[in-house]
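J.: Given the coordinates of chain A, work out where chain B should sit on it, guided by the hints.
Going down the list, the sequences are from chains A and B. The C-terminal residue of the first sequence carries number 660 in numbering that gives the first Met the number 0, and the numbering is unbroken. The C-terminal residue of the second sequence carries number 660 in numbering that gives the first Met the number 0, and the numbering is unbroken.
Note that the list lumps identical chains together, so a pair holds whenever it fits in one copy or between two copies.
Subject to a maximum C-alpha distance of 35 Å in a straight line, what follows is the list of computed DSBU-like cross-link-like pairs (lysine-lysine):
no., residue 1, residue 2
1, Lys-209, Lys-443
2, Lys-209, Lys-447
3, Lys-35, Lys-209
4, Lys-241, Lys-438
5, Lys-443, Lys-279
6, Lys-342, Lys-53
7, Lys-65, Lys-53
8, Lys-207, Lys-447
9, Lys-438, Lys-279
10, Lys-65, Lys-51
11, Lys-657, Lys-321
12, Lys-443, Lys-241
13, Lys-657, Lys-243
14, Lys-438, Lys-199
15, Lys-241, Lys-657
16, Lys-51, Lys-342
17, Lys-342, Lys-35
18, Lys-539, Lys-549
19, Lys-225, Lys-549
20, Lys-536, Lys-557
By construction, these hints were calculated from the structure, which means they are not laboratory data.
If you want the building blocks of each chain, they are given just below.
Number of protein chains: 2
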Amino acid sequence: MASAQKKLAVRKAARRPAAKKPAKPAAPAFQPTKLKLVRPVPSDIDIAQAAKLKPIALVAEEAGLKPNELVSYGTDKAKVRLTVLKRLARAKNGKYVDVTAITPTPLGEGKTTTTVGLSQALGAHLGKKVFTCIRQPSMGPTFGIKGGAAGGGYSQVIPMEEFNLHLTGDIHAITASHNLMAAAIDARMFHETDQPDDEKLLNAFCPKAKDGSRRFAECHIRRMKKLGITAATPDDLTTDEKRKLFRLDIDPATIQWNRVVDINDRMLRQITVGQGPEEKGRTRTTGYDITVASEIMAILALTTSLEDMRERFGRMVFATSKSGEPLTADDLGVAGAITVLMKDAIMPNLMQTLEGTPAFVHAGPFANIAHGQSSILADQIALKLVGPDGYVITESGFGADIGMEKFMDIKCRYSGLTPDCVVLVATVRALKMHGGGPKVTPGKPLDKAYTDENLDLLQAGLPNLLRHIQNARGYGVPVVVAVNSFSTDTEAEINLIREAALAAGAEDAVKCSHWADGGKGTKALGEAVIKATHKPKDFKFLYPLDAPIKDKIEAIAKFYGADGVDYEPEAEAKIERFTQAGYTNLPICMAKTHLSFSADPNLKNAPTGFRIPIRDIRASIGSGFLYPLVGSMRTMPGLSTRPSFFDVDLDLVSGKVKGLF
Amino acid sequence: MASAQKKLAVRKAARRPAAKKPAKPAAPAFQPTKLKLVRPVPSDIDIAQAAKLKPIALVAEEAGLKPNELVSYGTDKAKVRLTVLKRLARAKNGKYVDVTAITPTPLGEGKTTTTVGLSQALGAHLGKKVFTCIRQPSMGPTFGIKGGAAGGGYSQVIPMEEFNLHLTGDIHAITASHNLMAAAIDARMFHETDQPDDEKLLNAFCPKAKDGSRRFAECHIRRMKKLGITAATPDDLTTDEKRKLFRLDIDPATIQWNRVVDINDRMLRQITVGQGPEEKGRTRTTGYDITVASEIMAILALTTSLEDMRERFGRMVFATSKSGEPLTADDLGVAGAITVLMKDAIMPNLMQTLEGTPAFVHAGPFANIAHGQSSILADQIALKLVGPDGYVITESGFGADIGMEKFMDIKCRYSGLTPDCVVLVATVRALKMHGGGPKVTPGKPLDKAYTDENLDLLQAGLPNLLRHIQNARGYGVPVVVAVNSFSTDTEAEINLIREAALAAGAEDAVKCSHWADGGKGTKALGEAVIKATHKPKDFKFLYPLDAPIKDKIEAIAKFYGADGVDYEPEAEAKIERFTQAGYTNLPICMAKTHLSFSADPNLKNAPTGFRIPIRDIRASIGSGFLYPLVGSMRTMPGLSTRPSFFDVDLDLVSGKVKGLF
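With the rest of the complex left out, here is chain A (with noise of 0.2 Å):
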């Protein structure tokens, strides 16, 4: 079907003599957004208050949109609307760049810096048409620990404050119609049991109307196809179909829908909801995770179109019942108001980076239980604004070894977009404390052995970097490392790394200075990249989708280092289970750490020998996906003694936020 249509595109298109070539938006030319560089380095809140920020009508005019393909919300940010895509449909797509990194120490090695500044280098200084296309961070967290996700010094999307907190509440759609499905659970389970009579049940689900004549709801419909029901209405219904549609008779023991929430809250992390009076007894242990951990934003992420969103969350499995049926949010009827609280969520965000190149902010689901990517419609949109003599550069979550695997087998599976190049961000730092060098920590200042010269250190961890780029060529892309350098790094360490990058295979390695210095600090990476994207690529993934659950788990293991998987009883189980259910044909999504090749954080470096252990596996089928546990993932933040929200306040003469960063 998707070779007719292409058929039936070009018979169209040959109909037009004129339409060969599609027409080009009449966009005005790009006017990057000039930085003052400032020593020493302020702080990043410092640097995104002091920046010009363009009108963004004008970066959404610079980018070829359409006055009516954007929905402002006041003057620094917008959404798109998708009929860009439809516009644009025979337009042909830029260079898709994927920014992932070696295996980082616990402060990050600065990959979404890396990111903007790549983007800031393409559209500031080598005249390139570029978007970038990032994540959306959790709210919570940055009450929480310090630490922002739109960059860092001169590499940043601004506003910064905006990007940091509400936006323009994509998460809260998420949270409210998630906890609606919460609650719709939880209210039919009580409903259910608290009317045993099945006639009973009938009246309150189909009341009659005035002229005595009973209807059913769209949720009943859809649910009777799935079962085989042809009942006209309800009056037809025999005994045991009023059974089968009106109770869902859901096993409690078997819900796998939190509750969710933006805020890092432990004590939310295991509850007993229900015990009101009012409620009966009807008790049960649950929990919240934090809002992004929901398949929702799984969702969101992965979805192609509104009525691919809409079958998605028509499809997400909560449970099962008593009898073994996996019961899904059509079956409960709220997949249709989910889809209404998200149908501005879907449209991407647009800002804009420190030069005032665009940005996509959209989606921003966990990296291990869930694919930890931004979304397929952000990129889809911004390859085909940059047009074939532009690049898009977009950037997976975590180390190579978990979010560039998921970025290619499983978001890439479902956009059918392959990227032309990757970018491995590497430092001085992480090298060295793979190769033995002391813990780093959060807040407590470095060893003297990251900040002085030791290439003994850093030689011995190489290796992490040499076997990620060798992952990285595995898919047939061409492979660039970007050297994010501190002050600190000498000239013989940086060369180190680029000499045994290149020898790895490698299409260049490059010093970049972009935390500092914007886009003129990573004009050198920006140079390797388009160079890198021109070069031949024969893309493969990394496991056939049809292969057996255990093959793709041990494919994706093998990929890692591993000798090999050990599965507890749970995921064995739930293996046999999924594959009699049919959840075959589906990607796998690792919730590993990503602080190790391995399941163990504290297993630095290029580890061998060591196995993976699988101790349960979940479905994800609204997103689209099976996720192996390896390992215990925390999926609710907590705060600590001194919380960084003691700094947050309101400057109320400037109006400015305070303390964010």
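T.: Coordinates of chain B only, in the frame set by chain A:
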């Protein structure tokens, strides 16, 4: 000081000879949107979706707003910056009209519809500048029981989907900031109890910088001021001061800060948190309220500036210490972050009516445990924008016993504004119910008594109307009765109401058909309101603020028609405690049923010989009122067996919301 400021303003004005009359904004002439009235009247959503929308920028321009005072959220809604108040500081206010109602049936008597219809009449049919100021509804109930809050029929604020769902995210901002504070409370208790050593606690709160120095956080400095501690650095604190400053020593039994969610989730009414193994047994019984019950919402509605809002957030009391000290958001160090999260929410939301007149939709606190009024800021801005020849129509929640009383004694007390007219909405239906008609139940057909002429029943119910008229007149404000008419009402019935109302001292009593006819159907009401607002008024509050707490409660009880007040021991103790704590100069916000003048919802009409029982009394120190509990108030609704979300979905072709109402 206010007087000194006035003098200064007068002096400044005198210096500039041309500035005596403030320059009027050069707004374009208002163009009403023409209604096409369809018969029979379609559903609310069909009317709303068929409506022609003016671009919100045009609505703003017509209303006299400058482009830089507008923060557009797409083309249909916008926020209005508070800077407009500074620009129009010397402009004269328009006429201020409060729409209230007789004691309603459970179906409601069309107060919002009348508010909107009256605005449409004044603006689109009588050539007056007008602004509608109403509450933003809670989103949760939208998915529970059908029934919007944007008005109805041909008197609506549009787009109604935006109005009833996310709007511009104000309620989401409240949810987030309220829950941040809840998490902060529990995390603080956790860390204080987890660290019994005061030295180590100081270390966590004021860690040493690289140079060995320690600094206080802003919240420490605020708390030191409160406690009278004068240490210059953390190292200067005495042992006793350390304990007092860093240990809030929260008494868990006194915590009066639930979590909130804008979803009908009955299972969260009572829950136990902290059951995760990492919480080490620190479980606690607590619960969730629906978001609009949050004190943060009440503050949003009552605040008069950003400074005032910051200050109110800071003084919100969430518990007392084990030694009885009231503990505030500022003690917790979270009020600044809450202010940052609420900095956009403070700007009123601009929308439009079906006939193109401007409307502010801003804040929507509960009408029982809070004061149930839209925001002061929206009213203040609107009154300046319409100018001395214009009209601002606002609505107060529930019947006049609750809503109007709180409008006068709480909202007007904090705003400094006083109304020029009260519009009292009455229906034949409700008056017949008060006269002894059969029970009125939502979702069930009305009894014949309501649909056939029945003058005796109506006559018997008139005392309810008359007591409300008398009560409104007691404030020294002219009263106009709006009879919201139904097709089944007869001429004789309307006349009976009219004569009784006039005899009771109403300026006029007018039949209205705005639901079917839009502003054309309230033209006569508009004319009566114009006349009434030009009558002399002699505004007075129901009670002086400095009266003892019990005197104020008793004044309100008398206003209801009660013989007196009975206090339960808990209430007695609290009144004693609040009096000692100095919470005396605060208005009273009665949490009473709206279905009767009395505390018993079944006691209809204008009962006498009853007493008001006060179960408990609570303090909302940030909002600035005390709220006695007259019976138990539900602050978390539930979902029915067949919730209205069953019908809600997105039309994937048109992109329109289906089945919302």
